[in-house]
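S.K.: All chains should be built: construct the whole structure from the sequences, respecting the hints.
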Amino acid sequence: MNAEFLIPLLAAAVQSGTPILFATLGEMFTEKAGVLNLGVEGMMMVGALAAFTTSLATGSPWTGLVAGGLAAAALGCLHGLACLTFQGNQVVSGLALTILGTGLANYLGTPYIGQTAPGFMALPVPGLSQIPVLGRVLFSQDALVYLSFALPGLFWLFWQRTRWGMACTAAGEHPAAAEAAGLNPVALRWAAIAAGGFLVGLGGAYLSLAYTHLWTNGMSSGRGWIAVALVIFAFWRPGRAVFGAYLFGGVMAFQLRLQASGTNLPSSLLLMLPYALTVGVLLFSAMRGQGGSSDAPEALGINVEPRE
Amino acid sequence: MPFWKAVKREEPLRWGSFFIFLAAMGLSLAISCALLAVQGRPPLAALSILWNGAFGQWYAVEDTLLKAVPIFLCSLGVAVAFRMQVWNIGAEGQFALGAVGATWAVLAMPGLPAWLMLPLMGLCAAAAGGLWAVIPAWLRTRLKVNEIITTLMLNYIGILFLDWLVYGPWKDPSSFGFPMTREFPPAAVVGAIPGSRLHWGLAVCLAAAVAMHLFLNRTRMGYEIKACGQGRNPARYARMPYNFLVLFVMGLCGALAGLAGFLETSAVTGRLQPSIMVGYGYTAIVVAWLARLKPGAIAWASVLLAALRVGVENLQLDLQVPAAFGGIMEGLILLTVLAGQFFRNYRFKTRRTDAAPAKEAES
Amino acid sequence: MKRLALLSLALVLSVLLAACGDSGTQEKQEAAPAAETTAPAAKAPEASTDKDMKVGFVYVSPIGDAGYSFAHDKGRLVVEQMPGVTTSYVESVPEGADSERVILNMARKGYKIIFTTSYGYMDPTLKVAQQFPDTVFMHCSGYKSSENMGNYFGRIYQARYLTGIVAGAMTKSNIIGYAAAFPIPEVIRGINAFTLGARSVNPKAEVRVVWTKTWYDPATEKEAAKSLLDVGADVITQHQDSPGPMEAAQEAGKWGIGYNSDMSGFAPDVVLTSAMWNWGPLYSRVVDEVRAGTWKSAALWEGMDADVVGIAPLSDKVPAEIKAKVEAVKADIVAGKLHVFSGPINDQSGAVKIPEGQAMSDQDMLGMTWFVQGVVGTTE
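From first to last, the protein sequence lines stand for chains A, B and C. Anchor point for the first sequence: position 228 equals 228 in my numbering, and the numbering is continuous, going up by one each time. Anchor point for the second sequence: position 74 equals 74 in my numbering, and the numbering is continuous, going up by one each time. Anchor point for the third sequence: position 166 equals 166 in my numbering, and the numbering is continuous, going up by one each time.
Since the hints were derived computationally from the structure, they do not count as laboratory data. Worth double-checking, as some hints may not be accurate.
When the alpha-carbon atoms are kept at most 35 Å apart in a straight line, the in silico DSBU-like pairs for lysine-lysine are as follows [stated by the list, open to error]:
#1 C:LYS296 with C:LYS144
#2 C:LYS74 with B:LYS171
#3 B:LYS171 with C:LYS323
#4 C:LYS296 with B:LYS171
M.R.: Next comes the structure, spelled out in structure tokens:
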């Protein structure tokens, strides 16, 4: 394990972890307001497809990016409809969303397999990218990675320091009390679903516009589920989400690099690493007495009953 | 703000449920047709092809029933777990482990006669699947680790484990290096019911359904499971062994999914290979919810979703509809049924009939 | 609840009645049970010429992926152009029970020729072939056959050998990266042929293998290629269907060699060539033979001489003398003078697997599960 191996690995970890980071933060945003959205996987797929097709049609990756976010947000609103308006069970609704989103994306995306769209290329930051180690790992990435650097801090500010952020948190912890205080938890939850969904869509868009410039069936390959797990791992705090996302991205990149350096371990077992790691980190968090039910928003997954 | 609001009914709707279900199905079909039309395919012809593919001829009905077997078993288990609000998303992985368990029995003791071999395989499959489910259950009860994530991750790990076995230690030397085990000896194959292509797995389904119904409705543990669905504190208050029940239902769920894996491997493919994994575990969740977690309705819902899968293949052949269309329909059905269940407990009331003169004055 | 039960019962009964009474709409191609037609002589299925012949294809993956199924589908489109023939296909069919049902369905609907394009379809195809003796079944990449079922494959390893020569000649670091899909014989064979070709012009070249366990997952495959680039590979090739690895090569400014079809469109500056399938001629030949009644079940494993496999035109970046060398070797393969897997060949541990002067038999090649010397990686 020397620098030759480590530095490209870390750079790959950052790149590979970025779509997961977007998705994790998006889901975290939704969950903080009390809505469990298991449809992340389907939303990432839809976001990836929308971004890809829009970029292909308009020639502008940024437009594609926004389109991806909006498409995922729209899909998320179906979840909102099912849960917030129709009082549906949030777990099942999210699963339905995953099945639907994945099916929609694969169905509508079939004609686009095999095409390339204009995407985001690497954008080394002048000056900073020359710093040894960190320069290559953090500052020789593409624009979306840099965008993702800003998000955790913004989130923290939002939740801790703004009225709206605290209102969202209240909707997730004690919606009844929030309502008594004059807030509208259902409306806040709608906003959280839409905004969180937008971010998840950005994560999906990253896959088809930056990570690769291609589209295929099953683009997200389980990253949406990893994101849901990472929200728990991060104790619903944005800072730890970064750590989790890059750790996960790193493991995915690591097992490939291990193969490239000529290991004799069977690849099936190596492929298990990211998933085993997720279970491991959840276990670890739980054993330390944190995570699980104690840090989750109190009203997570519980619908607000309509008032008489 | 909206002119209407939701009002809880005094008594949940009963007879309307079926019609709500039909309405939800109708809505899903309508949206699916619209999607087909968008891509230039004739929607009504598509529906008829879909139907024909699943029920049009006797052999189609056979195909549908064959496909319903694994879905039914997985779903039966998932429903029990969901009753306790234990969200087992891991039926897929438990299915895989069940197939592995059954195969282990065959490979370890190939010479056994059928009457010993088959029950042994079933036992091993149920044990393997059950174990795979008990692990996340234990993590939940002891360490409060969220079972949604752990069961899901174990899906991936379980499937990769199956892959490793068939690419590595269990690979058939005469398969020219392709990932599959040896063909099972005839004693290890669940046979066909004479006169049809259906296999005896159907009998297993029937037995399981009856057993489950009796268990849930006639035994004390069944009662406790249903009661525990309200939550952990009410259960504790009534002095029910909540943690034990969680472990038990997950084990049961895993065992049923494992049985499904055994049947698919033994009756349908006759050897273990990665292609037995086609997503029955996830469909099982859709089915369980559609059937509102009741064993009788699960039978119908499994047939329905099996019919969907079989019919969609027909659509592919005749209209070149991409394979993903089935997923869209499944997702839509679940969403609409979920939303429709709202009308069991609530109805919409317009603001006008509400005593809110101030708001009326404004608008 | 009782009403519901009654309603459902009525529904089921009506469905069953409809199903049983509906056999009139079945295509009349429903053959009599196999017991009737056990004529000992090898009787080829009858010719049919009077109506549009239906030819069906079963694919294991989506056709749009510019990959394996895409190549088969291009062949299907050639057949579609033939007069008096209509084609159809089903894609993304999982191997196992689902495939048996799909093939059965096609046979019942009167498809005269059914091509099943993945190894895992072998047993299902055989099962259905036994029930429909008048239908011709052609299974790709397998080894079982019967009177009305033949198998076929292409010697893509010949194309791999040629692309290996290009890679071996163009590499400066002597490390070539191979993003591979699944450790099955055809992939392993391709890697071996590629390595043999590379080392025939550059004995110091080594080929590093990374398994992605995917057929079309651009993100993972691109990452695999990047991991190979990071260990110093300067030529990347692949066995998957997505152009992900080529993208990675393009971004890193290193050479790439594509697969399944000409991938130069995806990475115009760096793709040197691609190993390609060309199923059209084989498919049309089978259709013609069936129509004329001359088709006989056989194990077809055709190569460059029948134009079933080939390589994409070499890019301009390839120097003229390498182009000439490739042409010369290609001519030798086509003429049958060069057998790619002819000794001496050692395996990874250095043991001699094929002695000098001997050539590997088709049987051994089909079941290849070991790597030749020069490959760095595992076969699991």
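S.K.: It remains to establish, for every hint, whether it holds in the given structure.
M.R.: Hint by hint, here is what the structure shows:
Restraint check for LYS296 of chain C and LYS144 of chain C: satisfied, since their Cα atoms lie roughly 14 Å apart, inside the 35 Å limit. Of the pairs offered as hints, the one joining LYS74 of chain C and LYS171 of chain B holds, with about 33 Å between alpha carbons and a cut-off of 35 Å not exceeded. The suggested pairing of LYS171 of chain B with LYS323 of chain C is violated, with an alpha-carbon distance near 41 Å, which exceeds 35 Å. Taking the CA atoms of LYS296 of chain C and LYS171 of chain B, the gap is about 32 Å. The hint holds against a cut of 35 Å.
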